[in-house]
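J.: Each chain, letter by letter, is given below.
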Amino acid sequence: MAKAKKVKRSGADQRLEICLIIIMSIIGVIMLYPLLIVVSTSFSSASAVISGKVWLFPVDFSLEGYKAVFRTNDVLIGYRNSLFYMVVGTVINLFMTLITAYPLSRDDLVGQGIIMKLFTFTMIFGGGMIPNYLLMKDLGLLNTVWVMLIPGAISVYNMIITRTFIKSNIPKEMLEAAQIDGCSDIQYFIKMVLPLSGAVIAVITLYYAIGHWNAYFSAFMYLNDKELYPLQIFLKNILVSNQVEADMIVDEQVQSVEGIAEVLKYSLIVVAVVPVMIIYPFVQKHFVKGVMIGAVKG
Amino acid sequence: MKKLNKNYYKSLGKRIYRGRQLYLLLALPLIYMVVFSYVPMFGLQIAFKHYTFKGGIWGSDWVGLKNFIKFFGDRNFSTTLINTLRVSLYSLVVGTFVPIFLALALNCLNHNGIKKTVQTLTYIPHFISVVVLIGMMTQMFNPIVGIYGNIVQAITGHRAVDILGIPKAFPHLYVWSGVWQNAGFNSIIYIAALAGSDQDLHEAAQIDGATRLQRVRYIDIPTIIPTAIILLILNAGKVMTVGFEKVFLLQNSLNINYSEVISTYVYKQAFGSGSNFSYSTAIGMFNSVVNLILITSVNKISKKVSDSSLW
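So the sequence lines, in the order shown, correspond to chains A and B. With numbering that gives the first Met the number 0, the residue at position 208 of the first sequence is 207, and numbering never jumps. With numbering that gives the first Met the number 0, the residue at position 18 of the second sequence is 17, and numbering never jumps.
No lab work stands behind these hints, which were simulated from the structure alone. Source: prediction; values computed, not measured. It is possible that some hints are incorrect.
Each computed BS3-like pair below joins lysine-lysine, with the alpha-carbon atoms no more than 30 Å apart [claimed, not checked]:
#: 1; chain 1: A; residue 1: K116; chain 2: B; residue 2: K237
#: 2; chain 1: A; residue 1: K166; chain 2: A; residue 2: K136
#: 3; chain 1: B; residue 1: K9; chain 2: B; residue 2: K69
#: 4; chain 1: A; residue 1: K166; chain 2: B; residue 2: K9
#: 5; chain 1: B; residue 1: K114; chain 2: A; residue 2: K136
#: 6; chain 1: B; residue 1: K65; chain 2: A; residue 2: K136
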């Protein structure tokens with residue numbers, strides 16, 4: 000193969016390769032630059048940021064921004080809440096998704112087709128903002144922890160991915176053999192299906208966990224108690240609405256209050272994205288797989 | 000005939016009984032689905048009512064199509080509709096072509112180092128939250144302390160204008176930030192399709208002296224066209240859906256003329272001043288129904304054209 004590649008390349012091909020290298024490098028820079036500038040600014044000093052000296056790498060390396068972030072009570076509350084919602088929420092998601100996907104993967108189940116259609120329909124039509132809000136109100140979920148955990152318990156898309164995976168990867172003969180040995184459906188589900196579905200469980204765990212960490216809408220709609228806010232709400236207030244409170248930046252050694260407020264924002268972005276970036280390298284190969292499983296149907 | 004029927008029901012009963020443990024597993028998800036997805040659909044009736052907190056969903060008075068007629072006569076009707084379509088059609092076109100271009104280019108590239116690096120880099124932003132994305136944009140496009148402000152200041156010597164406040168810039172900011180965030184991830188499916196393409200065809204073409212660009216034109220592009228068509232059609236069914244979060248976060252009083260889309264208007268009608276739940280629900284329902292019609296018809300077309308469909 001390596002030899003085949005080396006077979007004389009025409010001039011046109013070489014020009015194309017050079018063009019592509021240039022284009023791809025530009026794309027790489029466009030992708031990287033915003034990320035780099037955020038990290039660099041977060042490690043720069045307030046005065047360097049405010050006077051616009053940070054172009055590429057940190058200027059006057061400093062941790063002022065991070066100190067300010069961790070002095071901020073709101074951020075700590077948000078971090079704690081988001082971690083809680085992510086862990087507990089994902090466990091609920093996995094449980095609900097798996098107990099839905101497995102029975103629906105069984106073609107011999109009476110009514111399987113109809114139930115599947117009912118689930119799929121919810122993907123393309125729904126009550127919308129106000130009826131959902133009224134439902135949460137009637138159920139007494141408004142302003143409780145549960146509103147962050149229960150309403151999104153099953154993502155139909157993830158359920159379909161899981162179902163497709165089970166259907167195409169676990170042979171029917173295995174079920175027949177297990178049934179002959181007197182294995183019940185629930186036993187079979189727990190002892191055979193779950194252990195064999197590791198790959199798809201990894202994929203949907205990733206999707207759910209990141210979904211929880213990044214969730215903004217339900218907190219925005221249904222919560223108004225600061226103690227329950229996830230990180231994203233505080234991020235929105237600080238980053239987008241620019242509500243930087245005095246207690247975040249008051250520090251006797253700080254000369255430039257305005258500058259520290261700016262650095263704080265960059266540090267906050269880094270702090271907010273770190274959990275996702277920690278998971279990222281471990282799951283990169285999995286999500287490619289996830290896209291492919293999802294692509295089998297639709 | 001009668002006997003057959005009886006047997007059928009008997010065996011049906013048997014089959015249902017045999018699946019009892021599976022139904023047990025499904026019980027909770029079914030309750031969940033009914034409560035959280037179908038109950039709100041009944042809540043849609045308030046679009047045809049005059050909702051009051053006292054009367055609730057079921058006890059409020061019917062008003063027929065009044066809320067819908069009010070929306071069609073609303074001076075914001077055409078503005079929000081046009082804004083919604085502008086942003087979504089723009090995203091649809093750009094969001095379809097950029098990932099395809101990226102996949103083709105990456106596939107052509109022989110330099111493995113650059114290929115891997117660019118691939119990894121383009122996947123990263125997909126997992127950043129919308130709030131953080133908008134936060135980054137707010138920071139970087141800040142005309143005074145942002146990197147954009149710095150660059151403009153350095154080149155022209157003048158203070159930069161506030162891009163985030165220019166109405167006409169809104170669709171571009173919305174769409175291209177979306178490209179930055181998702182193009183890499185969305186190209187995965189095409190890259191996979193290309194990796195699975197017929198290698199013999201490439202070899203044969205090479206022997207016949209085809210250049211790489213010719214092979215892209217006659218082998219690679221035909222390989223991904225079916226995937227592209229399906230995705231394009233499916234996305235076309237969502238043109239009335241513009242994510243609430245991102246538009247809402249990117250919106251400000253200066254760019255409102257271009258950034259007020261249906262979903263943000265729905266929110267404001269319900270929770271803004273002069274809160275009107277019924278009117279808001281009617282607007283939202285108009286949007287969902289149009290969507291439903293679009294996706295159903297588009298699905299039909301897709302079935303005919305490409306043999307693949309969502310259901």
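J.: Could you run down the list of hints and mark each one as holding or not?
T.: Here is what the structure says about each hint:
1. A:K116 x B:K237: holds (19 Å)
2. A:K166 x A:K136: violated (38 Å)
3. B:K9 x B:K69: Violated. K9 of chain B to K69 of chain B sits at ~55 Å, over the 30 Å cutoff.
4. A:K166 x B:K9: With a Cα-Cα distance of about 28 Å, the restraint between K166 of chain A and K9 of chain B holds, given a limit of 30 Å.
5. B:K114 x A:K136: violated (51 Å)
6. B:K65 x A:K136: Roughly 26 Å separates the two Cα atoms, so the pair holds.
Hints 2, 3 and 5 from the list above are not met by this structure, while the remaining hints are.
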